[in-house]
Amino acid sequence: MDAFDHLLNGFSVATQPINLAYVFLGCLLGTVIGVLPGIGPAAAIALLLPITYGIEPTSSLIMLCGIYYGAMYGGSTTSILINTPGESSSVMTALDGYAMARSGRAGAALAISAIASFIAGTASVVLLSLLAVPLAGFALRFGPAEYFTLMLFAMTSVAALTGASLAKGLLSMFLGLMFATIGIDLQSGQQRFTFDMPELQDGIGFIVVVVGLFAIAEVFIGLEDLLKGRSEIIRLSGSLWLTRDEWRRSLMPIVRGTGIGFFKGVLPGAGATIATILSYSVERMLSRDKAKFGTGMIEGVAGPEAANNASTGGAMVPLLTLGVPGSGSTAVLLAAFIMYGLQPGPLLFEKRPDLVWGLIASMYIGNLVLLILNLPLVGVFVRLLHIPIGLLLPMVVSISAIGIFAVNGNIFELYLALGFGVIGYVFRKMAIPVAPLVLSLVLGGMMEQSFRQAMTISGADPGVFVRSPICIALLAASALALSIPFVAPLLRRFGRRTAAA
Amino acid sequence: MNLPSAPAPRRLPAILMLLATLATAAAYLRATLALPHPELADPLGPQIFPILVSGGLLLCALLMVVDLWRTGDGRIPVLLEGNLPFDLHSTLMVVGITTWTGVYFFVFERVGFLLSTVVFLLGLMSVFNAGHRVTNLCTAAGFTIGAWLLFTRVLSVRLPQGILPF
Amino acid sequence: MQPDSCMSRHPMRAVPEALRQVPRSINRLAVLAAGALLGFALAAGPVQAQPWKPSRTVELVVLASPGGGNDKAARALQKIWADNKIVDAVVTNRVGGGGTLAYTYVSQKTGDAHYIAIAQAGILTNQLAGRTNLTYNDLTVLPYIGTEPVSLAVRTESPIKTLKDFADRLRKDPASLTISPGSTLASTNHFVVALLARAVGADPRRLRMVTFGGGAEAATNVLGGHIDAMVNASNNAVPHMQSGKMRILGISSPKRSASMPDVPTFREMGFDVIQDSWYVFLGPRAMTQPQIDFWDDVFARTMKTPEWKKFVADNGWEYGFMPSRETAAFLKKEHEEARSIMSDLGALKAGQ
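Chains as they are written, first to last, in my numbering: chain A, 1 to 501; chain B, 1001 to 1166; chain C, 2001 to 2352.
In case anyone wonders, no lab produced these hints; they're calculated from the structure. Beta carbons: idealized from backbone N, C-alpha and C, even for Gly. Incorrect hints may have been included.
[What the hints assert, rightly or not] Straight-line alpha carbon distances no greater than 20 Å define the calculated SDA-like cross-link-like pairs of lysine to any residue that follow:
1. Lys290/A - Arg249/A
2. Lys351/A - Ala2313/C
3. Lys228/A - Asp1087/B
[What the hints assert, rightly or not] Now the in silico label distances, taken between C-beta atoms and shown as ranges:
4. Leu490/A - Val1065/B: 23 to 33 Å
5. Phe1106/B - Asp196/A: 20 to 30 Å
6. Leu1052/B - Gly463/A: 13 to 23 Å
7. Glu2268/C - Leu20/A: 47 to 57 Å
8. Ala291/A - Glu2157/C: 47 to 57 Å
9. Pro134/A - Ile1076/B: 52 to 62 Å
10. Leu1052/B - Val466/A: 15 to 25 Å
11. Leu1092/B - Arg244/A: 40 to 50 Å
12. Pro1043/B - Leu20/A: 50 to 60 Å
13. Asp2165/C - Ala479/A: 37 to 47 Å
14. Leu1150/B - Ala291/A: 34 to 44 Å
15. Thr295/A - Ala1141/B: 36 to 46 Å
16. Phe138/A - Gln2108/C: 42 to 52 Å
17. Ala291/A - Val1134/B: 44 to 54 Å
[Claimed, not checked] Facing chain B, according to a computed beta carbon distance under 8 Å, are these residues of chain C, among others:
18. Val2090
19. Thr2092
20. Leu2185
21. Ala2186
22. Leu2345
23. Gly2346
24. Ala2347
Please model the complete structure; the sequences and the hints are all you need to start from.
Next up, the structure:
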């Protein structure tokens, strides 16, 4: 049987009324909990895992995947409406999505995010159905050396996120790298910069930093504006729906984002996050109004949103074919599989094709359900912005507290988030971008560790970084990315001269 | 926005930022060099990366000096572009909210989610949404109870119970 | 016994369950009373205290995030206890400091047996490595509930065919192989290789250990040929062995495992290495004997349920149970061994 027959059988499993109900329920619960700042997809799946106790494994996994998708989508909603990403892969969405909301285009931002997610999600499931088996080996070719070069490449894109002042962008990035070194060092087992506090031994969590720098800082700024009487009520300009121009501008970013997302998603590690950064920088590079990025460009929402959701399909490839989780979320899904006595891997395709293909088919349905569920909700969510700021912002603090506490049960993390809130407020006042800090916090730890892993394996021989074609390609790409700001003006001048001649 | 004609950003905060960056880099480097040398470790050890990062922070400080002299399109130093002024009133407000939120987090587990959240919300709302006493009370209580029911009953997520018997 | 809100993991069942609990606890009381009387008769001790039972929902404290490591075991226990009406419990995650936060949290509930924590070897090694001052003596030791076999695995293409090949390589040059112990140095996984090196007369400090984010990541790197071998809980390797991608050279358990009957033990192959990845429970300090008896009874009964046996089989655990007293002696012995190996590895904090 080829993939197509398998898929048809899968649909017969997924379209059983009970499974349809579970897909719907999963998407709904995932969206509800994913909307909370501080709870990303991984935490959402983990927290809702007990609900699936007692359900038959296929249905239960179908529901968990629905939660995964729903939470991914919910995270984008908070990024756009209150500038609070739920996980590192929706940081990029916040940059232009929130700016769009501030200028009255929240409806359009939410709509394009739903549509981009649907298109990219569906396309990535198609790619998953077709390429799962051939791509299985790809993830394995990434060892520590390849990872280091990949992280280096991603960091060059992060560095490009700086605003007018390079100094401020780099400051944000290096502070992120600094915070990434706090905690027990994996390679030596030694504590670094923990001040003997057990709370810091596992490092500073991404969620804590994001809630602080984004959500709590936003509360400070919002309340300050309110106190000074210059809080503008965000008026919706135009319809909730996309304009023809916005459609036209979003289409290609979605297509490119889908491709980038799927193939980066296949890589274990920070696939989804790197995909969104890459998609954003590609769109900015290709755009004629580079300077306008960060001020509400729909391309900057459509591309990363597509990349983010396409990576979910990609992340399923190593999970289903190798039993290797590609992200925090799929790691929790793997735990759920094992809890039901199922071990993902090639054997699962042979032993339980009904389950695997039923799951894949349910992803098609899940994407559709999310679109149907979320487009009407755009109107509801947008209305959240009509709640008086003095009421809304205190509730944001409280919801953030729930989100952080529910996962690790650690009050210290709440204090940390508050501290990062103050830092975020100062950053806003000083016009220092926060995205580089958050992204380098996520990528920096992996960058250091993979460098040292590679050096341990090679016996401290740096030649290991140019030994595989993947490494060389990634190093070349990093060099290219760094040189573009210098080379591009030269090329443009050259182009103008030839055109004139 | 009809701002009361925003004053041009001043240099002092930027200079303080520069000094803070230098101080952070120095403190971080010092802490890195003070790390003990573990017997059990990889060939590179835990210090090299932090040393590079402190170097990066110093580089940032250097670039800030440059950006403080260099003027951009706005005819003000690049380092000051987009900066917003600090003022005593707002700073006090941020300190106030931070303290109030800190107290909230402190009692979050001890007193429990329900009581602490209602009081926390009412406190902030009565300052920032003053004059709507009934609305504030209803929103604070409604939100807290709603969130409590949603999490503990529907989503099976545990929230601190505290001193209340339920 | 009140219908506590903490029971709300299964909200619909909360009230009826509390009602149904009354006759059950009387029943249990009777059993315990009988046990206590018997104990009294045998020990002829002075005054036998009243049997203890929880007066509210018990908190089962886990050191991992939801969905991770021992969280699974805790949630399985919680479900078994709820389904069989043994104890009302909720699982709380206290993540941080390699378990230190969870253990500290429980240790601070002095004398309150409503708080118990699931613990692994970190309770010993964290203190020996100087990451915390908390030791198992600051808590009350409760039963041992089982162990996961630790396996040494290479990928199928590897020239290393047997444990003997592996040991020969170590003997010639301990730095010639790259090995991952999962995510932590000086962990029980690391001990397995260190003990093997010691057994063949190689210097354990020269071993080239590479840590990754966890067992799954280590497995990816073995499969991709980036490192030579990994040593970690068997469930990381067994599925890959079944799909023909990995070879398990041996397990460091005292006897073969039911989940992989063809894999030899280290001892069978002539290397005296025994090192398991065990799970025990700990309670706060100053628990009374009746409280300890209560938990001994609960775990003894839980271990007999078919659901627990299924959990053990599904997760590749080895079935095992020891009551509190034996567990305390077991921990003491493990502590001594860990100290000795960590001293060999140079991972022991000065003065420990």
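Verification of the supplied hints:
Under the criterion of a C-alpha separation no larger than 20 Å, the hint pairing Lys290/A with Arg249/A is consistent with the structure, at around 14 Å. Pair hint Lys351/A plus Ala2313/C holds up; C-alpha atoms about 18 Å apart against a cutoff of 20 Å. Note on Lys228/A and Asp1087/B: the hinted pairing holds, with a Cα-Cα distance of about 11 Å set against a maximum of 20 Å. Between Leu490/A and Val1065/B the beta carbon distance is about 28 Å. The supplied range of 23 to 33 Å therefore holds.
Remark: the range hint 20 to 30 Å for Phe1106/B to Asp196/A is upheld by a beta-carbon distance near 21 Å. One distance hint, 13 to 23 Å for the beta-carbon pair Leu1052/B and Gly463/A, holds here, with the actual separation near 20 Å. Between Glu2268/C and Leu20/A the C-beta distance comes to about 52 Å, which sits within the given range of 47 to 57 Å. Between Ala291/A and Glu2157/C, the C-beta spacing of about 53 Å keeps the proposed range 47 to 57 Å intact.
For the pair Pro134/A and Ile1076/B, the beta carbons lie near 56 Å from each other, so the given range of 52 to 62 Å is met. For Leu1052/B paired with Val466/A, a C-beta distance near 20 Å keeps the hint of 15 to 25 Å intact. Checked against the hint of 40 to 50 Å, the C-beta distance between Leu1092/B and Arg244/A comes to roughly 49 Å, which is consistent with it. Restraint check, Pro1043/B to Leu20/A: a C-beta distance of roughly 56 Å satisfies the suggested window 50 to 60 Å.
Asp2165/C and Ala479/A have their C-beta atoms about 42 Å apart, which keeps the hinted 37 to 47 Å range intact. The hinted range of 34 to 44 Å is satisfied by Leu1150/B and Ala291/A, whose Cβ atoms lie roughly 43 Å apart. With their beta carbons about 39 Å apart, Thr295/A and Ala1141/B fall inside the hinted range of 36 to 46 Å. Remark: the range hint 42 to 52 Å for Phe138/A to Gln2108/C is upheld by a beta-carbon distance near 49 Å.
Look at Ala291/A against Val1134/B: about 48 Å separates their beta carbons, and that is inside 44 to 54 Å. Of the supplied interface hints, the one on Val2090/C holds, with its beta-carbon coming within about 6 Å of a beta-carbon of chain B, less than 8 Å. This hint holds: Thr2092/C has a C-beta 6 Å from the nearest C-beta of chain B, less than the 8 Å allowed. Hint status for Leu2185/C relative to chain B: holds, with the closest Cβ pair at about 6 Å, below 8 Å.
Proximity of Ala2186/C to chain B holds as hinted, the smallest CB-CB distance being about 7 Å (cut-off 8 Å). Restraint check, Leu2345/C versus chain B: the minimum CB separation of about 6 Å is within 8 Å; hint holds. With its C-beta approaching chain B no nearer than about 3 Å, Gly2346/C sits inside the 8 Å limit, and its interface hint holds. Contact between Ala2347/C and chain B, as hinted, is supported at the beta carbon level, the nearest pair being about 5 Å apart and thus within 8 Å.
Hint check: no violations occur; every hint is consistent with the structure.
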